[in-house]
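Starting from the known structure of chain V, arrange chains F, Y and D on it as the hints suggest.
Number of protein chains: 4
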Amino acid sequence: MKNRTKPSRSFASDNNAGVHPRILRAIAAANKGHVVAYGDDGYTQAAVKKFREHLGKDVAVFFVFGGTGANVLGLKAVTQPYHAIVCAETAHINVDECGAPEKFTGCKLLSVLTKDGKITVDQIKPFLHGVGFEHHVQPRVISISQSTEMGTVYTPGEIKTLADFAHKHKMLLHVDGARIANASVSLKADLKQITADVGVDIMSFGGAKNGMMYGEAVVFFDQTLAKDFKYIRKQGTHLASKMRFISAQFEAHLSDHLWRKNAAHANRMARILARELAKIPRIKITQKVEANGVFAIVPKRYVAPLQKKYFFYVWNEETSEVRFMTSFDTTEDDIRDFVALVKKTVR
Amino acid sequence: MKNRTKPSRSFASDNNAGVHPRILRAIAAANKGHVVAYGDDGYTQAAVKKFREHLGKDVAVFFVFGGTGANVLGLKAVTQPYHAIVCAETAHINVDECGAPEKFTGCKLLSVLTKDGKITVDQIKPFLHGVGFEHHVQPRVISISQSTEMGTVYTPGEIKTLADFAHKHKMLLHVDGARIANASVSLKADLKQITADVGVDIMSFGGAKNGMMYGEAVVFFDQTLAKDFKYIRKQGTHLASKMRFISAQFEAHLSDHLWRKNAAHANRMARILARELAKIPRIKITQKVEANGVFAIVPKRYVAPLQKKYFFYVWNEETSEVRFMTSFDTTEDDIRDFVALVKKTVR
Amino acid sequence: MKNRTKPSRSFASDNNAGVHPRILRAIAAANKGHVVAYGDDGYTQAAVKKFREHLGKDVAVFFVFGGTGANVLGLKAVTQPYHAIVCAETAHINVDECGAPEKFTGCKLLSVLTKDGKITVDQIKPFLHGVGFEHHVQPRVISISQSTEMGTVYTPGEIKTLADFAHKHKMLLHVDGARIANASVSLKADLKQITADVGVDIMSFGGAKNGMMYGEAVVFFDQTLAKDFKYIRKQGTHLASKMRFISAQFEAHLSDHLWRKNAAHANRMARILARELAKIPRIKITQKVEANGVFAIVPKRYVAPLQKKYFFYVWNEETSEVRFMTSFDTTEDDIRDFVALVKKTVR
Amino acid sequence: MKNRTKPSRSFASDNNAGVHPRILRAIAAANKGHVVAYGDDGYTQAAVKKFREHLGKDVAVFFVFGGTGANVLGLKAVTQPYHAIVCAETAHINVDECGAPEKFTGCKLLSVLTKDGKITVDQIKPFLHGVGFEHHVQPRVISISQSTEMGTVYTPGEIKTLADFAHKHKMLLHVDGARIANASVSLKADLKQITADVGVDIMSFGGAKNGMMYGEAVVFFDQTLAKDFKYIRKQGTHLASKMRFISAQFEAHLSDHLWRKNAAHANRMARILARELAKIPRIKITQKVEANGVFAIVPKRYVAPLQKKYFFYVWNEETSEVRFMTSFDTTEDDIRDFVALVKKTVR
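Residue numbers (this note's numbering), protein chains in the order written: chain V, 198 to 544; chain F, 198 to 544; chain Y, 198 to 544; chain D, 198 to 544.
Isolated chain V (complex conformation):
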């Protein structure tokens, strides 16, 4: 049985990591007596309160099981099937959700090529030519990932520009925040400063990639958008019966800076990893390292030998660009050990 004899290590993804001990303790502490199922409970109230402290007192917050569910259901809440969702070619919703957004929302995704995972207003403008013509899908949502799938981060100004453009054209701005904590830390900004304050309308708030076991949140910055979301969540098969165990995790996650510490650590590990890899001949860092991902060209013949010890994914088969992700539990030993291995391998 693979992977069970000793704890293994990898740079494959931040969801290959385990669960932070404080999260586990919060779960255990919530395991007392009977609690009304489906979220009508004190743990959920407490967790929602935490969200409101961080994101604004008027946000509507709904917990779901996972990240793809959070994206898909959130987008469903603000679209009709003849709408279009504009996103980067590299967006998780576009390439890593097996078409879940199209299946559940009925919408077309209109994607734009980017160098760094970040889209700009100029790239969206051409899609407006079809507005009002029934032959064409109607752009309704701009969806960005923060931090992006390329390890980069939108500045608050960049987000505001996108939000203003969206609102001017009767669109909404959606954020896939599977790694919003990493962006917040990177930007030295509060969560609110990079969301509510710059015009974000709806966000998937990630837990699992930052030390939780499972559970994500769909956050509506305008409660009127959430009016019927409870039905969408249930029909979307994401209403957890024992909701308290998601809520307890989120309460711990958002208390005592746990979310921030976890993300700060992961980001720091990524910076160190990138700095060290950059020194190695034949390895070429390809993206700015602004969050917890490092992208690099690693010549093809070295990839398999390296993957044996520390697993990671090839991002682009043609160019042999690979992706290293760090997480809350990546250690400096992991980095040192791996960098040594790379050096030895490419020598």
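Do not take every clue at face value.
Just so you know, same-sequence chains aren't split out, so a pair can sit in one copy or run between any two.
Calculated lysine-lysine pairs in the DSS-like style (CA-CA distance at most 27 Å, straight line) [unchecked claim]:
| id | residue 1 | residue 2 |
| --- | --- | --- |
| 1 | LYS254 | LYS389 |
| 2 | LYS505 | LYS427 |
| 3 | LYS247 | LYS497 |
| 4 | LYS322 | LYS424 |
| 5 | LYS424 | LYS365 |
| 6 | LYS540 | LYS505 |
| 7 | LYS367 | LYS424 |
| 8 | LYS481 | LYS541 |
| 9 | LYS229 | LYS505 |
| 10 | LYS322 | LYS427 |
| 11 | LYS367 | LYS427 |
| 12 | LYS322 | LYS312 |
| 13 | LYS246 | LYS505 |
| 14 | LYS385 | LYS506 |
| 15 | LYS506 | LYS229 |
| 16 | LYS497 | LYS322 |
| 17 | LYS506 | LYS254 |
| 18 | LYS458 | LYS505 |
| 19 | LYS506 | LYS481 |
| 20 | LYS312 | LYS476 |
| 21 | LYS254 | LYS424 |
| 22 | LYS365 | LYS247 |
| 23 | LYS247 | LYS427 |
| 24 | LYS540 | LYS497 |
| 25 | LYS357 | LYS424 |
Simulated from the structure, these hints should not be mistaken for lab results.
Okay, now just chains F, Y and D, sitting in the frame of chain V:
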């Protein structure tokens, strides 16, 4: 903040209960090192092995987050949108999933009225008149709940009759097994004897209602039906990233008879509760108590006062029929206390 | 090649009839020069104007290819997938559209048993218990057929009662008006008196069953409901490119009482047929004959011999109830000839 | 009322044209007596026979109302929602059907940029990296338009290359043949030589753009793919009740070379138009003229004045590229008149 000062008790649902301590320990034990996400890990292999020990070596097993997801995705795997799913009027898929089956499969549900939650072949036959005519949906799946939403249980013979009928007419038999453990115990039969051995084709295997925190399994007794299920699960937003924590729960659940002990306890509590309630004037037990649910007419004026102490749901507003559910952690004290309360209230 | 040597006759359906000569002439007259496709043309303006003369100056009208499309797209315009559509068990949308409403709207249909195809408020009330609870689909539309699939007709008062109930509970009243003309004639009422004036919100207005070649209309009595319907129609694959040929038909249909004459004739033929059949021993008329359908018990052994000469459908296999439909081109000779055949056969 | 006083002329689209007189006569001739609805009639048998003469004796053929319906339902027949459909960025299914393919099939469309509307195998290869990985949609269909939306035509060799590639990778080749007749004429090839003989699996066969009033056909070159298509057509709201009137059109269309003559004429008109426009300074033809479309850069200031007399569409707002379509009823006078107008305008 309600429900947090002291552990509360209820008969509202088996999912108001918490998590069995052995399940929690299994989760903690799985929290070591990095593990490949999305199920390509040793914990998942071990859990699938357990399923095969119980249900047959050829079953295909897929873990999902919750029960509605298990039902909906499993049904999707074996239907096209022009198919129909035949079920009892009271089926969870028919009344308690906010239309999720229709939304995700596109199928119509054809429901039949039952006295006890159990459907018979004679009730299904009229739906066959439309077979082959394109104006009508084409019956493809018979879906039964075991144990049923009415606390009753299909005998192996009854299941076999439905399965044989289904197969004769090119249909499949699906089991919503959110409470399959309770049925297995009730029938003094192995899990395999009431599923694979009597012709079941596909089953949702419940965890959360029997002591797990979250996680259900979709079980295919014929692997060819599961051919593309991995895509359906991902597109259906139910591929857990940190899968190991569902798998570890299931491994514990299916080891050392935990599933059986939990269900046996819950069933026994229901029998005692029913026996004691039956002695009280004006309370009328309305269904056979074969699993962990007790249905009873409780005159309307008593309902609210009772609910204050031990919450439970009214099943039928017109007749004031209520439902009491017991769970793995219901105690004899709970029963004694509640029965005393009922006696006092109706006096 | 069957059916081509000589014109055959049947009572199978009003859509087995051909096209009224005035409709054909209108089509030919519209076949001049180039016209902007997709409905931005004078023929369509003229047809919409006719609709407004008949139904009220504020209706929004959209043409589609066929009746199932009209029902499905109209219902889509006023529902979200977590809504439910309440209808009679016998409704075309429930049994004769191969699940198209569920597939396209995502909604569950909640059907009620009726004796005569007509639903009442009391039958709908129980569905309201789930309003506001996310586990249950939310009733949003009451859909009735006028005239019904059983050849009966709702009175204006009955419609108003349903509409008032719907509006009181934030629902809408939808009419499948595939045979609205027959109902209008039967009730000696204008089209407006049995729709706009009694609270109907949205209607499928039938053409093909009353002498047109193809083409139905979706009519919104409140234009705000139609706000995005042009996208729904296009995405629903029902935007005709050469729209003028549907529009020209409707203009003719609604001019010089053609719609009324056709329906009046069909209704009269049905009454005569019913009157004559009622005189024959062993034939039992089972429904009031208020429109252009006649339902009767015809002993099983006579059905096949009769069908050879005048085709018709068996409605209920168990009871051997059959359905005879008359149309704008049914002749008194048809009736006389067929009644003679029945007499000879049952003798 | 616009457009009704005198027949207007345009180059807007081949569906701005009317109906060929022979088609109208066929419709009138079919208007005799009663015929079983929904396609179980002699006219439909005759039309299917014609299709088999042209496309091969084993094709399965189903008539639907329109072109978007033909594309969407045909694609639905060969896909599951987790599949992807690969097509050109300019494909009608990608930009002109308001997201109908996504809505009805649930699939993602993967589009590739082309210069001339034609896709190549090399452009499709990168999509194969995700095959077998559940995170990614699974390419299942390559869909090409013949002739393309850019007025170009795939050679039989090009089609065969795409079909062979598709089949090698367990994909299918779909053809949007809204203008298949124009391609056939352009290639001086029979319909079969550019479809069945070069590996096409499924095709939308266009009628309305080549002189019919309404009606398209979905053609399956392998009948096993069509096994359940009758349900898909009905559930897809495209089963015409008075089917005979589509069938009669197709029978006429495919008899006595009408389809070919109409297309040949339209193609010739396009060639003449292009030849004459090319002589005018400041007008630049941008695509090869291989079918009945002409693409040209027309400086922005001239567009509106020209559109007043002969309407046409701007294809690309940025470059002021416009599209002229010719049809079976475009006359040499139309061309001469319009070219004179252009000359006068740009002078």
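*State the violated hints by number, sorted upward, taking the hints as numbered earlier in the document.*
Result: hints 3, 14, 17, 18 and 22 break, sorted rising.
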